[in-house]
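There are 2 protein chains.
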Amino acid sequence: MARHLEFDEDAVLTSAMRAFRKDGYQRSSIKMLEQATGLSSGSLYNSFGGKDAIFQRAFAHYNETVVKRRIDTYLAGRPAKEGLTALFVSLLDEPGGGSVGCLLTNSAVEFAGGPCPAEADLKHGFALLRSAFEESLVSLPAANAERAASDALRLLVFYQGLLVMIRGGADKADLRKVIAHEIETIIGDINA
Amino acid sequence: MARHLEFDEDAVLTSAMRAFRKDGYQRSSIKMLEQATGLSSGSLYNSFGGKDAIFQRAFAHYNETVVKRRIDTYLAGRPAKEGLTALFVSLLDEPGGGSVGCLLTNSAVEFAGGPCPAEADLKHGFALLRSAFEESLVSLPAANAERAASDALRLLVFYQGLLVMIRGGADKADLRKVIAHEIETIIGDINA
DNA sequence: ATTATTTTAAAATTACCATTTTAGAAAGGG
DNA sequence: CCCTTTCTAAAATGGTAATTTTAAAATAAT
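Which chain is which? The protein sequence lines are H and W, in order.
Using this note's numbering, you'd call the opening residue of the first sequence number 2 and step up by one each time.
Using this note's numbering, you'd call the opening residue of the second sequence number 2 and step up by one each time.
I should point out that these hints are in silico values taken from the structure, not numbers from a laboratory.
All values derive from a computational prediction rather than experimental measurement.
Possibly wrong hints are sitting among the right ones.
No copy labels: a pair is met if it fits in one copy or bridges any two.
[Said to hold, decoys possible] Heads up, simulated BS3-like pairs for lysine-lysine below, C-alpha to C-alpha not over 30 Å straight-line: (1) Lys23 x Lys124; (2) Lys52 x Lys69; (3) Lys32 x Lys124; (4) Lys23 x Lys52.
Start from the sequences and build out the full structure, keeping to the hints where you can.
In structure tokens, the structure reads:
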């Protein structure tokens, strides 16, 4: 047989993920991925197959780590209002002021013209968030299943818009107020 | 003196705008812009200066035509609820099912890492929408100026999120329901 | 220790991109 | 009618992209 891989795949995917989050798929060149991961292009191609494949793996890694952790940290076993507010506010306070970027938002926009190399992961990421929002909402005492499903999508729309406006340079304090209003009215409406 | 321009600048900007909306700045190569506009690269460079300049001009054109027309068509002299609903729903029904894309959304995301060649136009486009939303909301009988300003940003966040989710392939009927709920609660809240 | 096999690094390849240059065609003032 | 200016088209340039190939280093079973 032969030797083992010399690098930690998880660490490489995390680095690649960071590059894609910050600069998008197209602007992240192989050269930048070499610098970000510490691997040479030869190793990257040998280990993953190509840029598309690296992106796909990094995207899956994003869903499994960033998205799921975010859901777990803020929503799991917490009252809906408190958890959702904390989750949305946390988007404002990301290291670098949200400048890391959301792979879901970025990819939905970047690949709107054609197919995304991680199409399934994109859909899956959206579904993860939507289900988590829905689960949080149905836990409310006065919850209605059908309405929770619709409001979960509404929160997802709001979530994506928030990330766009953060990237667009909107004022953080203003957005904080907007988050409070949005969540209050959605939950207030359910309880009404 | 010398001869005149042989093409219609407005028509060229409209074509370039369409290309940028559909494929973004980076993916719209000069070759594609040649095909879209019918001009050769020589003429494009001679007339506009370069890709950045074409983008900037196309962006300004987008604000002046698409954004302003949209505001005028749906919000001018109409009750807030009716106008805003019509405006947001119209995003779903764009030719190609919203696949043309919004230059504001796309650019905010595409240029989040660095500077946008049309930075001022990007800010201006956001401001146009935000002011229009605000104006629509302050016209409500029970309006409060401060709250209207905040709710206008909230609508802008929602607007951007909607465009992301349209590009991300969300179900149109579901989004229609979400739009109705969002506008109803914002306006209901003001009247309450 | 040898050898087969894989990893790695670096150079080579191929393609495309933005831009410039060059050469030629088309005005409009004199 | 001519000649300068500006427009257009096409080829040329320089850079960078993704990927492949080549060669060397490393490893693990025999």
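| field | Lys23 and Lys52: within-copy, between-copy, both or neither at 30 Å Cα | value | both (16 Å within a copy, 23 Å between copies)
Should Lys23 paired with Lys124 be assigned to within, between, both, or neither, using CA atoms and 30 Å as the limit?
both (20 Å within a copy, 21 Å between copies)
If the cut is 30 Å between Cα atoms, do Lys52 and Lys69 qualify within a copy, between copies, both or neither? Cα proximity of Lys52 and Lys69: one copy only (24 Å, versus 40 Å across).
- Which holds for Lys32 with Lys124 at a C-alpha limit of 30 Å: within a copy, between copies, both or neither? Answer is within; shortest intra-copy Cα gap is 28 Å, inter-copy 32 Å.
The earlier numbered hints are all upheld by this structure, with none contradicted.
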